[in-house]
Amino acid sequence: MALDILKIRKDFPILDQKVYGKPLIYFDSAASAQKVLSVLKKEEQLVLEYYGNIHRGAHYMADKATAEFEAVRDSVKNFINARFREEIIFTKGATEGMNLVAFSFGESFINEGDEIILTEMEHHANIVPWQMMAMRRKAVIKVIPFSDDGRLEVEKLDSLITSKTKIIAVAHISNTLGMVNPVKEIIAKAHSHGIKVLVDGAQSVKHFKIDVQDMDADFYSFSSHKMYGPNGVGVLYGKRELLDKMVPYQGGGEMISVVKFEKTTYNSLPYKFEAGTPDITGVIAFGEAVRYLNEMDTDAMISYENSLTCYCMDELKKIKGVIIYGTWKDHSSVISFNIKGIHHYDLAMILDKGGVALRSGRLCADPVMDHYGVSGMLRVSFDVYNTFAEVDSFIVLLKKAIKMLGGAKINE
Amino acid sequence: MTIEEVQLEIIDEFSFYDDWMDKYGYLIELGNDPESLNPDEKKEKYLIDGCQSRVWLIPEYKDGLISFRGESDAIIVKGLVALLLRVLSNRSPSEIIDADLHFIDDLGLKQNLSPTRSNGLVSMIKQMRLYAVAYKELEEAGTKN
Numbered sequence: 039m040a041l042d043i044l045k046i047r048k049d050f051p052i053l054d055q056k057v058y059g060k061p062l063i064y065f066d067s068a069a070s071a072q073k074v075l076s077v078l079k080k081e082e083q084l085v086l087e088y089y090g091n092i093h094r095g096a097h098y099m100a101d102k103a104t105a106e107f108e109a110v111r112d113s114v115k116n117f118i119n120a121r122f123r124e125e126i127i128f129t130k131g132a133t134e135g136m137n138l139v140a141f142s143f144g145e146s147f148i149n150e151g152d153e154i155i156l157t158e159m160e161h162h163a164n165i166v167p168w169q170m171m172a173m174r175r176k177a178v179i180k181v182i183p184f185s186d187d188g189r190l191e192v193e194k195l196d197s198l199i200t201s202k203t204k205i206i207a208v209a210h211i212s213n214t215l216g217m218v219n220p221v222k223e224i225i226a227k228a229h230s231h232g233i234k235v236l237v238d239g240a241q242s243v244k245h246f247k248i249d250v251q252d253m254d255a256d257f258y259s260f261s262s263h264k265m266y267g268p269n270g271v272g273v274l275y276g277k278r279e280l281l282d283k284m285v286p287y288q289g290g291g292e293m294i295s296v297v298k299f300e301k302t303t304y305n306s307l308p309y310k311f312e313a314g315t316p317d318i319t320g321v322i323a324f325g326e327a328v329r330y331l332n333e334m335d336t337d338a339m340i341s342y343e344n345s346l347t348c349y350c351m352d353e354l355k356k357i358k359g360v361i362i363y364g365t366w367k368d369h370s371s372v373i374s375f376n377i378k379g380i381h382h383y384d385l386a387m388i389l390d391k392g393g394v395a396l397r398s399g400r401l402c403a404d405p406v407m408d409h410y411g412v413s414g415m416l417r418v419s420f421d422v423y424n425t426f427a428e429v430d431s432f433i434v435l436l437k438k439a440i441k442m443l444g445g446a447k448i449n450e
Numbered sequence: 002m003t004i005e006e007v008q009l010e011i012i013d014e015f016s017f018y019d020d021w022m023d024k025y026g027y028l029i030e031l032g033n034d035p036e037s038l039n040p041d042e043k044k045e046k047y048l049i050d051g052c053q054s055r056v057w058l059i060p061e062y063k064d065g066l067i068s069f070r071g072e073s074d075a076i077i078v079k080g081l082v083a084l085l086l087r088v089l090s091n092r093s094p095s096e097i098i099d100a101d102l103h104f105i106d107d108l109g110l111k112q113n114l115s116p117t118r119s120n121g122l123v124s125m126i127k128q129m130r131l132y133a134v135a136y137k138e139l140e141e142a143g144t145k146n
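Protein chains in written order, with the numbering used here: chain A, 39 to 450; chain B, 2 to 146.
Just so you know, these hints were derived from the structure itself, not from any lab. Every residue gets a Cβ at the ideal spot worked out from N, C-alpha and C, and that includes glycine. It is possible that some hints are incorrect.
Unchecked claim - Just a few of them, taken from the derived set where beta-carbon distance is under 7 Å, the chain A residues facing chain B:
| hint | residue |
| --- | --- |
| 1 | L53 |
| 2 | V57 |
| 3 | Y309 |
| 4 | G379 |
| 5 | H381 |
| 6 | D384 |
| 7 | I388 |
| 8 | K391 |
| 9 | C402 |
Stated by the list, open to error - No farther apart than 20 Å at their CA atoms in a straight line, the calculated lysine to any residue pairs in the SDA-like style are these:
| hint | chain 1 | residue 1 | chain 2 | residue 2 |
| --- | --- | --- | --- | --- |
| 10 | A | K437 | B | P60 |
| 11 | A | K438 | B | L31 |
| 12 | B | K43 | B | Y18 |
| 13 | A | K60 | B | G26 |
| 14 | A | K227 | A | E158 |
| 15 | A | K441 | B | Y47 |
| 16 | A | K247 | A | E158 |
| 17 | A | K437 | B | K43 |
| 18 | A | K441 | B | K111 |
| 19 | A | K102 | A | L78 |
| 20 | B | K24 | A | G59 |
| 21 | A | K441 | B | Y18 |
| 22 | B | K111 | A | G393 |
| 23 | A | K438 | B | K111 |
| 24 | B | K24 | A | E158 |
| 25 | A | K437 | B | A142 |
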């Protein structure tokens, strides 16, 4: 079934506007997707009609808010096909999920000399928490490299795994290269050695039909704001038997069972990992984003996004001096590039004034910049609400910017 | 010319361009000025690092005036640097410290100075003022002796 993109765009009213007098072209959904209208309506309804703190009130509004909050847990469980609802932990974003695992898994299972394997293409959010943990636990970090075409060199995993390896943390889709990593293969190999795997799902949760049981990930972390939902809300999926054995991440209300000054006992899952009042409005509104995605024809959406990406990639390749990072075949809807001899920031400034919202700079992935020896990149990312006409306008503007900067010499 | 007069002059020059692309075109022209730093002058100690682009700034203090030379790896930023140098170079420390820099705002280029843009320009202005404060202290120490 073909998607009606113009109808979809109406669900995202923010897209219909001009910036600097030019129609907005939003090519930055990999940083944050726009919010679907039903999410905002839900937030408004909740705040105006029945907001109350969850899990503890003895009144109508608290009960209603609690029921809706917990219903979102069920819909997220179904959305990623988790086995149990208590495997769904609400966080404030994918980053917090990664920090939670690095801390709680680290404190519970990682000892001096143990090893953690990351990849060279990780977002800083899946590097720094592990470094912090490695410092505390005196553990060692190893890295799976990628080749210049962006392919993760998974064949090197065998030589990196030792009897000391405890966990592998890998992005499902790289936020810079757009590469889709073979997480299922990595997980199968890891499990055959008794190693756990955390998958950073920030970029993949909306671009695939995620089935955590089929993938067999031990942990899968993602953010609501990359799937049309509110920012400040995320989900950590973790296997129940693992989460049960892990120490809490933060202490506070909700995560406890009994508090005494001598000894406190903790609440059961998922509450053990949800200290304090969560973003009640955000989580309940996030439920609408999940509903929206459930109602969408996922296959059609993915195939549309892929065709937009391929089209833009082909048009970019026609431009003289273009360097595209991540050309390996398993590609998602992110393209990072540079134009030879022109600074990425100069292009970004001109494109911005032409109404194009894209990302420029180091893309929260310094090791990727170092791999290619560049100070930054430009990144365009596509979502189902983008159009081929937008790609055309972007290419015209990019060519104009290159022409304007044509005499420029790169100084690096 | 005073700092204020130079700022007004720049605003007047830009008033010829009402389109953004033309404004940037002019900044690119300024950025393409061949007068730039030698590669060996681009030392770590002169570097003002930003997430998006880098700026090098070299001060020189002579006869009560501070002159600056600077460059950026991004050409539009280099154009902005050229404008800042035109306004703030060859000034006394007190003039730089007291300067009310409004021209960038008036040109509609203010977003290039927002800290979140991290292109090194905000840090560059701050650094120019810090040099001015340091040289002023030197001056005062000199008069006391």
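Hint by hint, here is what the structure shows:
no., hint, in the structure
1, L53, "21 Å, violated"
2, V57, "11 Å, violated"
3, Y309, "36 Å, violated"
4, G379, "10 Å, violated"
5, H381, "4 Å, holds"
6, D384, "5 Å, holds"
7, I388, "6 Å, holds"
8, K391, "4 Å, holds"
9, C402, "10 Å, violated"
10, A:K437 to B:P60, "38 Å, violated"
11, A:K438 to B:L31, "19 Å, holds"
12, B:K43 to B:Y18, "33 Å, violated"
13, A:K60 to B:G26, "18 Å, holds"
14, A:K227 to A:E158, "19 Å, holds"
15, A:K441 to B:Y47, "31 Å, violated"
16, A:K247 to A:E158, "25 Å, violated"
17, A:K437 to B:K43, "31 Å, violated"
18, A:K441 to B:K111, "25 Å, violated"
19, A:K102 to A:L78, "18 Å, holds"
20, B:K24 to A:G59, "15 Å, holds"
21, A:K441 to B:Y18, "18 Å, holds"
22, B:K111 to A:G393, "17 Å, holds"
23, A:K438 to B:K111, "23 Å, violated"
24, B:K24 to A:E158, "40 Å, violated"
25, A:K437 to B:A142, "56 Å, violated"
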